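K.L.:
Read off the chains here:
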Amino acid sequence: MKIFHLPDLGEGLAEAEIREWYVKVGDVVTVDQPLVSMETAKAVVDVPSPYAGKIAQLFGKDNDIIQTNAPLVGFESDKIKQDEGSVVGKLEKSESKWDDGDVIIGQAKTKLTEVNKIMPAARVLAKEMNIDLALVVPTGPQGLITVGDVKKLLLERSSTSTAKHTETLHGVRRVMAQAMVQSSQEIVPVTIFEDADITSLPANVDLTVELLKAIVTAAKAEPALNAWFDGKTLERTLMDKINIGLAVDSKEGLFVPVIKEAEKCSHEELRKYIEDYKHAVANRSIAPSNMQGATITLSNFGMIAGRYATPIILPPTVAIIACGRTREAALCRKGKLIAGRIMPLSLTFDHRAVTGGEATRFLKEIIRYLEKE
Amino acid sequence: MPEITLVEAVTQALAYEMQNDPNVVVMGEDVGKDGGVFRATQGLLDKFGSQRVLDTPLAESMIGGMAVGMAIRGLKPVAEFQFMGFIYPAMDQIINHAARIRNRTRGRLTCPVVFRAPFGAGIHAPEHHSESTEALFAHIPGLRVVIPSSPRRAYGLLLAAIRDPDPVIFLEPSRLYRFAKQEVNDDGNALPLDVCFTLRTGQDVTLVTWGAMVKETLAAADKLNDEGVSAEVIDVATIKPLDIETILASVEKTGRCIIIHEAPLTGGVGADIVALVAERALFTLKAPPVRVTGFDTIVPYARMEKYYIPSEKKIMNAVHRLMEFT
Amino acid sequence: MLNIGIKKDEKGVLEVKIIERFEVAYYQYLNEESHLTHDFPALAHDIQSLLQLYRLMVLVRTMDTKAIALQRTGKLGTYPSTRGQEAVFVGVGHAMQKNDIYVPYYRDMGTLIQRGVKLSQILLYWGGDERGNVFGNESNDFPFSVPVGSQPLHAVGAAYAMKYKKEKGAVVSMCGDGATSQGDFYEAMNVAGMWKLPVVFIICNNQWAISVPRDQQTATPTLAQKSIAAGFIGEQVDGNDIIAVQHRTVEALKSAREKGEPRLLEMVCYRQHDHTTADDASRYEPKDRREQEWKKEPVARLRHYLEQQNAWSEKQEELLRAECALEVDEAVKEYQGMPSQPLESMFDYLYAQLPKAYSEQRHMLKEMEEDLRHA
Chain A
1 MKIFHLPDLG EGLAEAEIRE WYVKVGDVVT VDQPLVSMET AKAVVDVPSP
51 YAGKIAQLFG KDNDIIQTNA PLVGFESDKI KQDEGSVVGK LEKSESKWDD
101 GDVIIGQAKT KLTEVNKIMP AARVLAKEMN IDLALVVPTG PQGLITVGDV
151 KKLLLERSST STAKHTETLH GVRRVMAQAM VQSSQEIVPV TIFEDADITS
201 LPANVDLTVE LLKAIVTAAK AEPALNAWFD GKTLERTLMD KINIGLAVDS
251 KEGLFVPVIK EAEKCSHEEL RKYIEDYKHA VANRSIAPSN MQGATITLSN
301 FGMIAGRYAT PIILPPTVAI IACGRTREAA LCRKGKLIAG RIMPLSLTFD
351 HRAVTGGEAT RFLKEIIRYL EKE
Chain B
1001 MPEITLVEAV TQALAYEMQN DPNVVVMGED VGKDGGVFRA TQGLLDKFGS
1051 QRVLDTPLAE SMIGGMAVGM AIRGLKPVAE FQFMGFIYPA MDQIINHAAR
1101 IRNRTRGRLT CPVVFRAPFG AGIHAPEHHS ESTEALFAHI PGLRVVIPSS
1151 PRRAYGLLLA AIRDPDPVIF LEPSRLYRFA KQEVNDDGNA LPLDVCFTLR
1201 TGQDVTLVTW GAMVKETLAA ADKLNDEGVS AEVIDVATIK PLDIETILAS
1251 VEKTGRCIII HEAPLTGGVG ADIVALVAER ALFTLKAPPV RVTGFDTIVP
1301 YARMEKYYIP SEKKIMNAVH RLMEFT
Chain C
2001 MLNIGIKKDE KGVLEVKIIE RFEVAYYQYL NEESHLTHDF PALAHDIQSL
2051 LQLYRLMVLV RTMDTKAIAL QRTGKLGTYP STRGQEAVFV GVGHAMQKND
2101 IYVPYYRDMG TLIQRGVKLS QILLYWGGDE RGNVFGNESN DFPFSVPVGS
2151 QPLHAVGAAY AMKYKKEKGA VVSMCGDGAT SQGDFYEAMN VAGMWKLPVV
2201 FIICNNQWAI SVPRDQQTAT PTLAQKSIAA GFIGEQVDGN DIIAVQHRTV
2251 EALKSAREKG EPRLLEMVCY RQHDHTTADD ASRYEPKDRR EQEWKKEPVA
2301 RLRHYLEQQN AWSEKQEELL RAECALEVDE AVKEYQGMPS QPLESMFDYL
2351 YAQLPKAYSE QRHMLKEMEE DLRHA
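Here the protein sequences come in this chain order: A, B and C. Okay, so the first sequence: first residue is 1 according to this note's numbering, each after it adds one. Okay, so the second sequence: first residue is 1001 according to this note's numbering, each after it adds one. Okay, so the third sequence: first residue is 2001 according to this note's numbering, each after it adds one.
The set of hints was computed from the structure by calculation and includes no laboratory data. All values reported here derive from a predicted model rather than from experimental measurement. Ideal placement from N, C-alpha and C gives every residue a C-beta, glycine not left out. Any given hint could turn out to be false.
Now the in silico label distances, taken between C-beta atoms and shown as ranges [to be verified]:
1) B/1046 to C/2289: 17 to 27 Å
2) B/1046 to C/2099: 50 to 60 Å
3) C/2372 to A/32: 57 to 67 Å
Same shape as in the complex, but just chain A (with noise of 0.2 Å):
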């Protein structure tokens, strides 16, 4: 045990007696804690604990005399020492431990979301007029958005709104034009038509659903046509994933939200990204990380009006699939007339990377789908 004698309080007189005790035995103290009331012939003074520690002995009761330098606390020691440590001054001590967690030497290893770049006064200017920033197209190095870029998107928001006849293409649309462009200048497309009989699904299936499962078991059969091609290097990666891009239409132009790993996606899941996009679409809310990584597209244009079409593929992908309208119509089975239900579909393929054979065992694969269930 470590004894504390009682210092000379400063009266020059040989006692003091105690007055109150502020601890007891037991009790965890740290260094200046007020221990004790002592009265001297003057003064009633606090005595400070010299240590932090926990209290084993106290060598008195209220109202005992007790002489300078006798002991008047008792701490029980450990193996630390109680020694003060210092020249000056007092360093706080702690019974604490120091938690560091978990300590990563360098960098966080983070998953990094797209890292926008954006000119400091850009992002007040869009900021104070209102811009969703992932409408705002980059011209400055890197991807860089600057201040005039903002403005351009005001400009345009602006000369819309006086109804000019001619107007230069700004955001979405202007995107969607230099896609158009690139696609038809590089692509060699060929387009298959061929009807589904859905005369056997019942009345109120989700048929955009119908059609995404029927994709990825497509695309599961024949990976060739969920691939990316790179027409300057020739070179073609198939994609385990099943990314289904699926084309939406919108005041602003058209869009393509992605369903990322639809094969991992149940029939509510599906339905549930396309109502989200549907929304995100026309809010203008859709952030530019959903519209990317596309590896198959779908174009549902036939909710409007339409049978056949040959829809323009979206590099770096080599496949789209477009439905058109359902219709009721006469069909034949074994010669006999019936009136049915059909699904016209028409699948457009990059010819540089996917072979005739390659693609229409693809469709059929969907109609099989469709058709089975």
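Using the hints provided, position chains B and C relative to the given structure of chain A.
P.N.:
Just chains B and C now, kept in the frame of chain A:
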């Protein structure tokens, strides 16, 4: 494994290295018999004898210069300056000699010396005992400046400093000396120099700090977490040479950066970091990079000392201001 | 200079020519048994002055004891005791004249209180308040010096200024035994000797520099002889004999003031407490050493002498103690009653006029101060 304080970790590292490298010699005022005024060299005299643990006469310039000579001739001196405030008489030896000898002799002579000193305010000491002037050394080419903030890092970084073939200024935050304990394995494993340590990961703001301010910064980060703001906390540790890559990667992620140091604002190391962040990460910043630091005053005596040291509240206020930028 | 001349011994070998010899004198008038060993100086018979010196030493001791107790009860910061060294500081202070300048280190209460510094101010300094270094606005003395051994150079500068302005005075540079290892100490003495500056270097050799004993600080048997390398006289004095302290200081100051010849005085005493209240000397100080040295302590020594001269009684002792206790109490009250400086004062003494660049930070502190007041 016993849990030890930061100052005990210093002792542990010194004992380990002295055991394994007969060239390591500890020197300074009151480091032998007294074990150092903070007990950082406790027990070393008994263990290694008076040839290797030197109670020097009271002369800082002598300590600096003699250590340089010893190091050039193949010893590995670990010289203590009792407080950073008393390192200044040795500046000539450190700047004109320790930092320069390798360069001047094109590598023929080198100076593997460690100059260690307790530094920083917050222990209610008389004047001159609370200095935080690491920027002076950070400015000198040829030196390394290393500042631990936990017992484990004190152990690992001191070992690294002693083993490093070039001069290291090793500054130990005195107000963390006995504050809290940690298990520190006495396995002789050094931590890497020249690299930052990410203590907390987060998405909303990057807090860059070192030394005793790590304590306040972590406390602020915890409170911010409760508010739904996730802060990434980086302990720079090696102030010079600076691992800016770790800081930049973090700033690119969070878009907000605050540097916290006890040293006065002007000419502090925080200014260097802000400059680098502005030069290289400007376009990913959502808000200006700012510093929370000591005032541009002489560290006040004990009575006003606590108002000088940046508080948890000050750090949190700075974060709140930056979070207004979205 | 002793020139023995060239001689050859019987074997025909050249004898070495001694070109310089040095002596270091030791002074003690009142010995350990409180007997006068030499009949001069006049001070030994000047009972009034001796009583004054005695009172001052008792006051210093009382204040010192109180300061330690204040620190132990959390009311004062780290404090370096002057216990056992009262004769050195009181004697030096008594020997100095008003227009001399004093350059202290940090145990100098005994000198400072004779030169216009209030006891409450000394408490203020160790209590962590910058105003403790103010010393009274009329004072020309230098403030406490914490970086050991840095102040002798300041003393030398002050001496040069005095000489330059043709002022009639001398400078006293006070330091401890540890400081004599610092380069600054030698540089100060060297230039003082070279330029014949009116400065007296005094070492309070209390035989400890924190944990380093005197014999591990330097190889020379005396510290006094370090002046030889600087070209002037060094004397060793019994620091427990206030008569010797006072007398040798007076003589040294005369030499400096009138002839521009500096002097080094080594006052040998003993540190009768830890280095500071935060130190623990039991770790390195040989047991019983302090008790042994206490037999030579200066206050009792003078008292016994005064009693032998029938100049002091038990009753007078009681009275003095009570007076000192009262004076110390007043000082403590004054110290504790002093309101803290406002926080913005951190900026108010950096420059003659605070540059614009820092007004914002000062304002921040002002606001913090107001918040504190309202809290």
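K.L.:
All the hints need checking, so say for each whether the structure fits it.
P.N.:
Now the hints, each set against the structure:
no.: 1; hint: B/1046 to C/2289: 17 to 27 Å; result: 21 Å, holds
no.: 2; hint: B/1046 to C/2099: 50 to 60 Å; result: 53 Å, holds
no.: 3; hint: C/2372 to A/32: 57 to 67 Å; result: 21 Å, violated
Of the numbered hints stated above, the single one contradicted by the structure is hint 3.
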